[in-house]
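Trainee: Chain by chain, the residues run as shown.
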Amino acid sequence: MLDVFTILTKGGLVLWSKEYVSTVDSLDYLIQDVLIEERAGANSYVHDAYAFQWTLANEHELVFVAAYSKILQLPYIDELLKTTKRHFLSKYASEIKALGQRSAVYDPESGEGGLPTFDGFEEDFGLILAQLEDKQSHKGPKKPRKFEQTKKFQSSLQGSKQAPSGDTDAIDEDNIAKNLEELSLRRSHRLAGKKKSSSAKGSADTSENDSDAPKKKKGAKKEARTWEGKITKGDLQALDYSAGTADPDAEGAEISRLVDESKMGNKTRDGFYEVQDFDIGSSKEEEEEEEEEEESEDEVRPSTSGTSKGGMFSFLRGITGQRELTPELLDPALAKMKEHLINKNVAADIAEQLCASAKSNLTGKSIRGFKSASSAVRDGMEIALRRILTPRTSTDLLRDISQARLQKRPYTISFIGVNGVGKSTNLSKVCFWLLQNNLKILIAACDTFRSGAVEQLRTHVRSLRAVTSQGHGEVDLFERGYGKDSAGIAKDAISYAKANRYDVVLIDTAGRMQDNEPLMRALAKLVAVNNPDKIIFVGEALVGNEAVDQLTKFNQALRDFSGMSQPRQIDGMILTKFDTIDDKVGAALSMTYTTGKPIYFVGTGQTYTDLKNLRVEHVVKSLLRLSVGLATKLVYPLRPGAVVLPLACKVRSWQPVVQSTPTAISWSRSFASKKGKEEAKKGGKKATEEDKTVEFTFNVDEITSRMSDSVDRLKKEFANMQIGRASPAILDSVHVQIGSSRMSLRDIAQITIKDPQNLLVIVHDAEYLAEVDKAIRNAGLNLNPVVDGRAVRVPIPKQTKEFRDKMVKAAGKSAEASKTRIRSIRQDAMKDIKREVKLGRSQNEGSKLETQVQALHDKWIKQIDQLLKAKSNEITSL
Amino acid sequence: MQILGVEVDDNYLTTRHILLASIAIGVIWALALVLSHPSLRWIPSPVRRQMSNTILLVGNSQSGKTSLFSLLTYGKAVETRTSMKENEGNVILRDPEDVRIAAGRVHDSMHLYLTIRFRQQHTLRTSAIHLVDVPGHEKLRFKLADFTPIAGGVVFIVDSATVSRNARSVAEHLYELLTDKNILKRSTEICIACNKVDLPGAIPLDRIRHHLEEEITRLRQTRTASLEHQDTDAEEIDVFLGYEGQDFSFDHLESAVTFHTMSVENGNMRDVVHWMADAL
Ligand SMILES: Nc1nc2c(ncn2[C@@H]2O[C@H](COP(=O)(O)OP(=O)(O)OP(=O)(O)O)[C@@H](O)[C@H]2O)c(=O)[nH]1
Ligand SMILES: [Mg+2]
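Protein chains in written order, with the working numbering: chain W, 1 to 878; chain X, 879 to 1158.
No farther apart than 30 angstroms at their CA atoms in a straight line, the calculated lysine-lysine pairs in the DSS-like style are these:
id: 1; chain 1: W; residue 1: Lys82; chain 2: X; residue 2: Lys963
id: 2; chain 1: X; residue 1: Lys1021; chain 2: W; residue 2: Lys371
id: 3; chain 1: X; residue 1: Lys1017; chain 2: W; residue 2: Lys336
id: 4; chain 1: W; residue 1: Lys831; chain 2: W; residue 2: Lys813
id: 5; chain 1: W; residue 1: Lys440; chain 2: W; residue 2: Lys491
id: 6; chain 1: W; residue 1: Lys85; chain 2: X; residue 2: Lys963
id: 7; chain 1: W; residue 1: Lys359; chain 2: X; residue 2: Lys1021
id: 8; chain 1: X; residue 1: Lys963; chain 2: W; residue 2: Lys70
id: 9; chain 1: W; residue 1: Lys97; chain 2: X; residue 2: Lys1017
id: 10; chain 1: X; residue 1: Lys1017; chain 2: W; residue 2: Lys621
id: 11; chain 1: W; residue 1: Lys806; chain 2: W; residue 2: Lys862
id: 12; chain 1: X; residue 1: Lys1021; chain 2: W; residue 2: Lys97
id: 13; chain 1: W; residue 1: Lys365; chain 2: W; residue 2: Lys97
id: 14; chain 1: X; residue 1: Lys963; chain 2: W; residue 2: Lys336
id: 15; chain 1: W; residue 1: Lys359; chain 2: W; residue 2: Lys91
id: 16; chain 1: W; residue 1: Lys359; chain 2: W; residue 2: Lys838
id: 17; chain 1: X; residue 1: Lys1017; chain 2: W; residue 2: Lys371
If we take Cβ atoms under 8 angstroms as the criterion, some of the chain W residues that face chain X in the derived model are:
id: 18; residue: Gly11
id: 19; residue: Ser17
id: 20; residue: Ile31
id: 21; residue: Gln32
id: 22; residue: Leu35
id: 23; residue: Ile36
id: 24; residue: Arg386
id: 25; residue: Pro391
id: 26; residue: Arg399
id: 27; residue: Ser402
id: 28; residue: Asn613
Note that these hints are calculated values from the structure, not bench results. Computed from a predicted structure; not experimentally measured. Don't be surprised by glycine CBs; every beta carbon is placed ideally from N, CA and C.
Model the full assembly from the supplied sequences, consistent with the hints where possible.
Mentor: Structure representation (structure tokens):
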């Protein structure tokens, strides 16, 4: 049986509600866990004893929710929601409209402008429900629903939608409508004039006058607000440009040797963060471009629809009025958005879910004349992304620590994750920051598995002590060697810390692959025994789909192997190597979406100060920014003389290692791909203009160009992944400061390969030799040029085996990402073809296109494999 | 296409109208930009504040924002759920009668609603104010920054019955509000409305004040010591609420902060409504 049916506004006002069983405060959970978390793309949700289904009426910002006992199977709920929604919206059209229009002012005397009452709806609802239940009972029993289906947000609806055959459905619909009509007739007789006229007027209203005055008003108001929002953005920008005037604080010489001061705390910004300037500059440009693109799309659409309806009216509506976002309008824009997100390294199924959620939130909404579906999708997605990335709980660790201090106990944080993601390194960075805040810290060496792990921490502790000699912070290492039970060591460390008044215990754990059961069990035990205050997952910012798998399995292990009734879960994440991912920040999104937990920090480089708080706006902006090809590389350069962390575990005695590895893989501009796209677009558009009757826009050339674009990108990435082999592309990013102007090295010099280990830079004007030398040296590329007559010779340093392996891995990752892109282009193409076949393209043609696309897909995938093989060989053979 | 019986070329019309419309929009935008330009900051803030007629309702989830909003905007406190979006409305502020439960409740099919009566002859302000109920859910709080630039006053609602338990999260929300760029810049007046005083667990106003001050003193320390954000801009990091070396007190702020008790449940909200009328 149905337990509760509620109609509420997105603002949280309950308009009408029928409770067959009281309670169900879990409705708030539905709102918080599903609707606010952007999971509305799913269509059912289970909480405690209840199953929920809902439907949104976005044009009026209403939500219809039905709740029933989760053990029941009520296949008619979907229909109930839809029918009720339709009926409610038409019956109370004028009331709902009044509710949405904010200009009205409540007058207590006349009661005008107040919240309308919907008492009369109860009878109608009862009727709808009775009929649907009745219809259901005639159909006979069904298989019990699988509980997991709802739990995993899978659609139990699909089944129910297919179950009734089309015919009976139509009859039932008619029936319901007829009965409702009778009902309202009866009532209007009973209730004399007033009510009848209002409801009749109401239904007439909605169907036609969509672009009525009050609505327009609402629109105008909205605009005013975003405008206000823009002010703040403007202010921000103004400030960005003037930033960097702050005076650098003079610190002790020791620190400046060990710590990259400019990145320290809140001290200075010396234009170091190229990111910001590029960020705003380029995104602006792109937005404009995008806008153009959207407008041109728009122009095509109304004109085609205009011919059918004809005349001035529809045309004017195209400009000033509102159009409703239909699934047909949204789908292409959403498909684009999905691909875009995947390109930004967002895990594929998360991109899918987000787009589904966006669809359910946007369908039915009206957009004003100049706005296109794709910009509506973009705006909707921006809000969704912000919601997801904004943490739900406080991320103020220092505040937590001070609380623990009051309770006279140490605050414990354990760092977990797969191998080689930088757990110990980032633990040390966190430690450094805590030391700056004068805390007493104990590091527990609980990686008793990998040899060298303890020594690595010892080295870190030594260097951390060296850099904090001035403050009151203290750091010690708690170690018990290898091979022992890590849970026990952590336990001892915590009691030791308690006895000796440490403020914080940082627990380093062994890296483990998520599928290694014995190690995962050990981790679950460590957590269960010690119940740390925070369990922080350390993950690489480079991961794509893998991120979801890692997090899910770690959480799963913590749950399954803990043996506790209320097992702990990951509390938050640290994302490492954030400096190497350009604007492909998708992992940040995948991880927060998967866990619902915040990203505490991001690691942005190789010094202790390269730990930052994640800025939500930054990630949102990066995710929505157009193509990578356009964005100029975002590299956080290592400053000359900056000290690199002792990363390798083999370092026995600690010495400042000055830059022994390249700092970042950078992508450079790719204009070619951009042009290709534009041409493809032009081609596509022409086609639609020429034959207006058939609107099949599918174009194999476009697919080819998109696929080749993404392989081009891979090639570029590979080119920059050089190892010991001279390639002029390495110097692409070098800029030379001459006088007051900054010039690209390529413009003032010729770069040639002297031999596999040497590049030769022949400077056109010998006067600039010194500048060029300096520029290459300081480019953060870890190069030591030698001035040699009129030229500068650039020897390419040899690399260690370990580094090569890493490089091969990175190449593999890039190739995998590239394949993912190809696959998703193929998938989308197939979908497009299917859709066009449905719309009337011949089956034959369709399957021909499909074969073509498949062939393209295979070809490019093969080429990627070849590229990867060649690259790996190149890296290892040198 | 035919207009007034004259044959007009479709394309010609389309482009011309689009052109005209875009020019119009462009002009409006330009105006908007000029008015919002930072150089106009020389206008003293009291004057600017006077130009605003917007009051924000801010506070943690379940504190009673939407209930108050509904009562003021529609004269009726309906059942509510967690807000997913802001509510906006225009309200004529009237002096509410201090209704007791029995007097104000009406029965409406199956629900009990509290409705409020107003002293009709006594409007506190002739023109309507723009009331915004900002959702309190953590993930939606970023919306606050969309509204602070236009706020003439902020009512920060606290659940008096749970505040001693939730002091930290309430203080964190309040801290976010107090360090908002626009609130700081414009010294927006703030009323801390201690709601739900009808509940047995409600604690008195001065204890709430004390709790919050204590918490903000702590927060102030940890927040200023936190790591910088990626590409931080200068303005956000230099905020330090109150005086260094002294415990935080609301008296140290540029913005005037007033405390009032309130019970939406009982229709007791006279102080807060009067504050709203005075703040604008
Ligand atoms: N006892 C009592 N309950 C109140 C009072 N004011 C509001 N409530 C109840 O508190 C609950 C939450 O109120 P809302 O107005 O929805 O809370 P909100 O601040 O809008 O919450 P969000 O929308 O989640 O930010 C409702 O169940 C109200 O009935 C009051 O003065 N006394
Ligand atoms: Mg609310």
